[in-house]
Amino acid sequence: MSLWRYEARRAGWPACLAPPASLLVTLALAAAGAAFGTPRPFVHNLLLSGVEALVPLAAAMAAVTVVSVDRCRELQLALPTGYSWTLGRRLGVVAGIGAVLSLLFSAALRLTGSWAGPDSPLASALVWASPLLGLTGLALLVAVLGRSVVLATTTVAMVWLCQQLFASALVAGAWSRPFFLFLTSREGVADGWWTNRAVLAACGVLFITTALLLLRRPERLLTEEEV
Amino acid sequence: MRGRFFAVCRYEFRMQIRKRSLWLSTAGLAVLIAVAQGDRGPRHLPAAADAARVMGSWALLFSMLLPIGFGMVLADRLVRDHRLGAASLLASLPTRPGALVAGKYAGSVAATAVPALLVLLVTAAGEFVHRGDPALFLWAVVAFAVVLLPGLAFVAAFALVCPLMFSAPLFRVLFAGYWFWGNLLGPNYLPSLTGTLLTPIGDYPASWLIGERALYAGAPGWLSFLRPEPGGGAALLSVVLLAVLATPPLVFASPLLARRTSS
Amino acid sequence: MDIMISGLRRRFGRVEALRGVDLAVPGGMFGLLGTNGAGKTTLMRILAGVLPPTSGRVLVGGHDITTRAGRLAVQRRLGYLPQDLGLYPDLTTHEFLEYVGLLKGLDDDAARRRQIGELLDMVGLSDVARRRLKGFSGGMRRRVGIAQALLGDPALVVVDEPTAGLDPEERIRFRTLLAQIAGHRTVLLSTHIVEDVAQTCQEAAVMASGRVVFTGPVTGIIDRAQGATWEVVTQGPPPSTGVVVSAVGRPGGTHYRVVSPTKPDPAAVPVQPSLEEGYVALMREAVPG
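Protein chains in written order, with my numbering: chain A, 1 to 227; chain H, 228 to 490; chain Y, 491 to 779.
Worth flagging that the hints you see were computed from the coordinates, not collected in a lab. Small disclaimer: the values here were computed from a predicted structure and weren't measured. Some hints could be false.
What the hints assert, rightly or not - Below, simulated SDA-like cross-link-like pairs (lysine to any residue); rule was C-alpha separation at most 25 Å, straight line:
#: 1; chain 1: Y; residue 1: Lys624; chain 2: A; residue 2: Arg71
#: 2; chain 1: H; residue 1: Lys246; chain 2: A; residue 2: Arg5
#: 3; chain 1: H; residue 1: Lys246; chain 2: A; residue 2: Gly92
#: 4; chain 1: Y; residue 1: Lys594; chain 2: A; residue 2: Thr86
#: 5; chain 1: Y; residue 1: Lys594; chain 2: A; residue 2: Gly92
#: 6; chain 1: H; residue 1: Lys246; chain 2: A; residue 2: Thr86
Stated by the list, open to error - Reference listing, derived: stretches of chain A covered by chain Y, where coverage requires no fewer than 3 residues with Cβ under 8 Å from a Cβ of chain Y:
#: 7; segment: 2–8
#: 8; segment: 76–82
C-beta: ideal position from N, C-alpha, C; glycine also.
In isolation and in its complexed conformation, chain A is listed as follows:
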């Protein structure tokens, strides 16, 4: 337990604060929208986007930081505890915070009658879990492969923004629909929703597994300056 406590501190406040900050921004936008006279269904959809779009983005960016920044990396690599386990614990903290917050936020939305997502508990969880897994996995893989914060954060931001920008085209395309991150908030539980969630989650698992396999040689995380 102590090790988890230390790793939570090593993940860093910015990494731990990013998911709650993203939900606060969601709440602020929803409040502003309500004051602006935005119709209620639109406000509810915005709140849903908080867990489906913003928390995964925050968790993915935090994952990049966790993988890319460590003042003691050289010492860590010389310790008998595998560095991939250490990183795994830190990433677990980030993902755990995102998951717990999403659960609580969804529950609060249900209680206040503002939930615009599916009814079943499993489907409700998949609203945020699949994009969280998919985007965080992608962030992790690019960070490990590229060893560059810039490359990894740009990739994550681009994927996220492009999916927002070209949402209608991506939803309409038969090949792109399963990979669309924001299907619930854009289309609701429409045709192919379960496939979409399953594909996103599977992609996340695939990305994370590949990253962990690459981390069997953790020295690849040493940047050019460190080497």
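Given the structure of chain A, go ahead and fit chains H and Y onto it with the hints provided.
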């Protein structure tokens, strides 16, 4: 004083232009935009469309996404001096902090402007093959100057300075969220800066080049006094306002850097 | 814990940092000397399991470090102090050691804390055990570094340039500390400061351009300059042949100590060489020009 400013600017430019990630992210984004623009993208404009319209549309499309990559690249430039242990050395030099920040800012904008201009010129060359109009190159430069460059200057100021106040990762999350909310989220439902003169994707200048509303410029919404009808005057006003808005973060940069160095 | 290295190579892109290193390190304190860029840090990192070699064989205490199992077995008995040890500034000294202890697998809370207390006493940091690491001086940071390296009572301690940048008092203190811990373990001290090896090691190796150019007793290094060390007293310019190792200005003229295979000046007189002069003679042989 001016000599030192130019020296800082020149070397900041050199350091940045050599960053592999700058070129990789620009190239990746440019290819992605060119491929994923859909049926309504500038590639599908009629053959008779004039050069200003074609290049204005391309510039707006690039402007939607390219500055994101540049913002991510620039997010650690001032913080990096501390990480590499160069901050104390820089603080000990007779160069005033203002000149240092201004030089780094100008060098950063110049370094990100080069790949952005190149992307537009390559696009103009591609369009030239189909349309055969040499004016495409001239309008590529104009579109770069009025649509892309003001946005880059705006983004660079905030990307350099914000990570001095809160961490670079948090800045990157907020920046991606802001970019969508402040530039691309339709203003009809939610209060948003989209479609105002303060939109750094260059909606107003692009509308002026295209000859009609490019995206949301002037669309009804929040802060209606910032949503005049698109046109030449409004485009110019938008460019000037973005330049003015880029100044406050740069003014605050020197004291923020001094505080960081002394802590 | 003895170390056997044979045919070790490590390449970074086009640069070959290690070009076939052969070295045997017995127990006790062992010095590794060499200029900056000689490949010492790369060798230390390979021994610590941080970097894999491109080719070659490294046996540490009988474990082949090029295999995953071997590396893990070595890391369980290793203490490592890297050249640039980054510390987590938000942790206190005690918390940092506690964290490293947990990662070293010291799961017994009471035993771990007792050991941390003893090590803090040993390195003289008990007074600042609850202070955050942010703002620690270079010497204090190195002492935290050696304390973490000694956690778990390792059989092999690898320290890379531990005294670089320290003031003389702190350097002497650190050297004494290293000599003290070498009693029942192998301590591999990599440095470019000849004095550190002279004061602490009986056995040493010298590296140049990615190769080991000497290995043996420290006195063997001194022997390399035997008959090739001269003192010249002159009021004119320094001797043009050989390497001037020291120059002391005195009323009668400047006293130069020169390493040169031939007499560098008609007035030169042969003198007994020091370790530093032996090292200079060795480097002249290894890297001519």
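Comparing the hints with the structure gives:
Restraint check: the Cα-Cα separation between Lys624/Y and Arg71/A comes to about 13 Å, which is no more than 25 Å; the hinted pair holds. With a C-alpha separation of about 37 Å, the suggested pairing of Lys246/H with Arg5/A is violated against the 25 Å cut-off. A threshold of 25 Å between alpha carbons decides the hint, and for Lys246/H with Gly92/A the separation of about 32 Å lies outside it, so the pair is violated. Using a Cα cut-off of 25 Å, the hinted pair Lys594/Y and Thr86/A holds, with the two alpha carbons roughly 12 Å apart.
Distance hint between Lys594/Y and Gly92/A is fulfilled; the C-alpha atoms sit about 20 Å from each other, no more than 25 Å. The suggested pairing of Lys246/H with Thr86/A is violated, with an alpha-carbon distance near 30 Å, which exceeds 25 Å. With 3 residues carrying a beta carbon less than 8 Å from a beta carbon of chain Y, the segment 2–8 of chain A meets the three-residue requirement, and the given coverage holds. Counting residues of the segment 76–82 of chain A whose CB lies closer than 8 Å to any CB of chain Y gives 6, which reaches the minimum of 3, so the coverage claim holds.
This entry does not satisfy hints 2, 3, 6, going by the numbered hints stated previously.
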